[in-house]
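Novice: Chain by chain, the residues:
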Amino acid sequence: MNSTRRPWLMTLAWLWVAVPFAYGGYELILKVIQLFGG
Amino acid sequence: MAVTFLDRSRTVAPENWSRWLIPPAALSIHLAIGQAYAWSVFKTPLEKSMDLSGTLSSVPFQLAIVMLGLSAAVGGTLVERKGPRWAMFVSMTCFSTGFLVAALGAATAQFWLVVLGYGLIGGIGLGIGYISPVSTLIKWFPDRPGMATGIAIMGFGGGALIASPWSTSMLQTFGSTTGGIAAAFLVHGLVYAVFMSLGVFLVRVPREGWRPAGWQPPEKSEKALVTTARVSAANAIRTPQFWCLWIVLCFNVTAGIGILEKAAPMITDFFRHTAVPVGTAAAAGFVALLSLTNMLGRFVWSSTSDLVGRKNIYRLYLGAGAVLYLIIAVAGNTSKLVFVLCAMVILSFYGGGFATVPAYLKDLFGSYQVGAIHGRLLTAWSVAGVLGPMIVDGIADHETALGKQGPDLYTTSFYIMIGLLVVGFIVNEFVRPVHGRYHEPAADSGVAAEKEAA
Numbered sequence: 001m002n003s004t005r006r007p008w009l010m011t012l013a014w015l016w017v018a019v020p021f022a023y024g025g026y027e028l029i030l031k032v033i034q035l036f037g038g
Numbered sequence: 001m002a003v004t005f006l007d008r009s010r011t012v013a014p015e016n017w018s019r020w021l022i023p024p025a026a027l028s029i030h031l032a033i034g035q036a037y038a039w040s041v042f043k044t045p046l047e048k049s050m051d052l053s054g055t056l057s058s059v060p061f062q063l064a065i066v067m068l069g070l071s072a073a074v075g076g077t078l079v080e081r082k083g084p085r086w087a088m089f090v091s092m093t094c095f096s097t098g099f100l101v102a103a104l105g106a107a108t109a110q111f112w113l114v115v116l117g118y119g120l121i122g123g124i125g126l127g128i129g130y131i132s133p134v135s136t137l138i139k140w141f142p143d144r145p146g147m148a149t150g151i152a153i154m155g156f157g158g159g160a161l162i163a164s165p166w167s168t169s170m171l172q173t174f175g176s177t178t179g180g181i182a183a184a185f186l187v188h189g190l191v192y193a194v195f196m197s198l199g200v201f202l203v204r205v206p207r208e209g210w211r212p213a214g215w216q217p218p219e220k221s222e223k224a225l226v227t228t229a230r231v232s233a234a235n236a237i238r239t240p241q242f243w244c245l246w247i248v249l250c251f252n253v254t255a256g257i258g259i260l261e262k263a264a265p266m267i268t269d270f271f272r273h274t275a276v277p278v279g280t281a282a283a284a285g286f287v288a289l290l291s292l293t294n295m296l297g298r299f300v301w302s303s304t305s306d307l308v309g310r311k312n313i314y315r316l317y318l319g320a321g322a323v324l325y326l327i328i329a330v331a332g333n334t335s336k337l338v339f340v341l342c343a344m345v346i347l348s349f350y351g352g353g354f355a356t357v358p359a360y361l362k363d364l365f366g367s368y369q370v371g372a373i374h375g376r377l378l379t380a381w382s383v384a385g386v387l388g389p390m391i392v393d394g395i396a397d398h399e400t401a402l403g404k405q406g407p408d409l410y411t412t413s414f415y416i417m418i419g420l421l422v423v424g425f426i427v428n429e430f431v432r433p434v435h436g437r438y439h440e441p442a443a444d445s446g447v448a449a450e451k452e453a454a
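As given, the protein sequences belong to chains F and V, one line each in that order.
If you count the first sequence from 1, position 20 lands on 20 in this note's numbering, and the numbers rise without skipping.
If you count the second sequence from 1, position 172 lands on 172 in this note's numbering, and the numbers rise without skipping.
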């Protein structure tokens, strides 16, 4: 299980948490716009 | 078979295992359990479909937070002994099972099952999950412990950012009836089980004696507070340092919760009779901004503490936090921008306080049983979770009864928060290196290492 030989594992692991995070960030921006511009 | 897979000895990392695989493992747990901050999404649908009061619909969340503190305190030593994979598995099982039991409760209109599932069973998942990666991250990142724990604990702040819109859209799809809520709980339980399983499979502990490439532990620490000794959890709670940090964390969290818990009605009340009133949608934007800085503060401030030291960063949280509260109290409703900016920075300090404390504990007590010590310290969170809302809600209700409105509803609370932060600042000044009599004997270091690896 040498991660240096398995870059896919590193990519998968970070995408696993980054994709939901990006979704949350996107929804957050939509709400913040309403505070000052909405 | 399963027990073997979960055993600490099976999680020792092979040669060349990248430590950068551990933060996503930790995040998969913390992003999931951070859903707790989004419980309010379910409150109104539960109240309408099961005919509950607002107080009653908060009970699952309140019990979950109480169980978080208790299970972290009671289970901390077990988590240290059994290892992070076992802890993450227990967290995943409890958190997901909690949702499934809550789904049964919603489907059968038995609210007590929702309380039992989400509050009691799920709350154990919160506590064990919260502390599960802390000790492991500190061991993988001895050169940057603040940054490492900041990443994980940032996930707990960020979990609500994901869960809030996700749960809302699910309720819109399934409907806000008992059947719809049950379906939403069921999906939550199943999806979170899959999501958290990444952490269970991926987490590893470093081999005995492993160090980051090119990094040497300092023979004698350059920073006075940073120890190379080992202090057990049982001894740690006998030290004044532990209780100083308990007060510091409790008051810092109380001050943050004072705004966080009542953010939407607070900004609406503040600017109700001004030229720039704040509507419901804008108030939701304010809450979202606070969630963002609460989350970012966990990473940014905790990482900064690696450079400036833990004591100094808490001077900032507590000292600057008191000044910012003072600015809000004095400025009142003269500027929305000033109010929003001050609240954002205060919430970043709130998050930073959570994320920096494991590294502060590591500095004082070593990494030997830092997870168990951290678990015991989280009882301060449980107390703050009651204290903060009690101060702000109690005073706001009292001022309303007296016919006051606008900023006057909160000014007294803000001065109390300033007082708490000043007390926390002073107590932080009393933090000194732990006396040698609390250290594990040098002759037992081999035994200690075995116990740690056992």
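Each hint should be verified, as a subset may be incorrect.
Claimed, not checked - Label-pair restraints from in silico Cβ distances:
(1) F:25 / V:56: 45 to 55 Å
(2) F:12 / V:435: 17 to 27 Å
(3) V:330 / F:9: 52 to 62 Å
(4) V:435 / F:18: 36 to 46 Å
(5) V:272 / F:30: 40 to 50 Å
(6) F:29 / V:337: 45 to 55 Å
(7) V:419 / F:12: 46 to 56 Å
(8) F:6 / V:213: 16 to 26 Å
(9) F:6 / V:51: 22 to 32 Å
(10) F:8 / V:110: 44 to 54 Å
Because the hints were derived from the structure by calculation, they are not lab data.
Glycine residues also receive a C-beta, built at the ideal position from the N, C-alpha and C atoms.
Novice: If you check the beta carbons of residue 272 (chain V) and residue 30 (chain F), does the distance land in 40 to 50 Å?
Specialist: Because 25 Å falls outside the window, the suggested range is violated.
Novice: Is 22 to 32 Å a correct range for the gap between the Cβ atoms of residue 6 (chain F) and residue 51 (chain V)?
Specialist: About 54 Å separates the Cβ atoms of residue 6 (chain F) and residue 51 (chain V), which means 22 to 32 Å is violated.
Novice: Can you tell me whether the CB distance of residue 6 (chain F) to residue 213 (chain V) sits inside 16 to 26 Å?
Specialist: Cβ of residue 6 (chain F) to Cβ of residue 213 (chain V): about 19 Å, so the range 16 to 26 Å holds.
Novice: State, for the Cβ atoms of residue 25 (chain F) and residue 56 (chain V), whether the hinted interval 45 to 55 Å holds or is violated.
Specialist: With Cβ atoms ~33 Å apart, the hint is violated.
Novice: Is the distance from the Cβ of residue 419 (chain V) to the Cβ of residue 12 (chain F) consistent with 46 to 56 Å?
Specialist: 49 Å, holds
Novice: With 17 to 27 Å as the target window, see if residue 12 (chain F) and residue 435 (chain V) comply at their CB atoms.
Specialist: With Cβ atoms ~47 Å apart, the hint is violated.
Novice: Quick check on a hinted range of 44 to 54 Å for residue 8 (chain F) and residue 110 (chain V), using CB atoms only.
Specialist: 45 Å, holds
Novice: Taking the Cβ atom of residue 330 (chain V) and the Cβ atom of residue 9 (chain F), is their distance within the range 52 to 62 Å?
Specialist: Distance hint for residue 330 (chain V), residue 9 (chain F) holds at roughly 54 Å.
Novice: Looking only at beta-carbon atoms, does the pair residue 435 (chain V), residue 18 (chain F) fall within the given range of 36 to 46 Å?
Specialist: 44 Å, holds
Novice: Within 45 to 55 Å: is that where the Cβ-Cβ distance between residue 29 (chain F) and residue 337 (chain V) falls?
Specialist: 19 Å, violated
The earlier numbered hints that this structure contradicts are 1, 2, 5, 6, 9.
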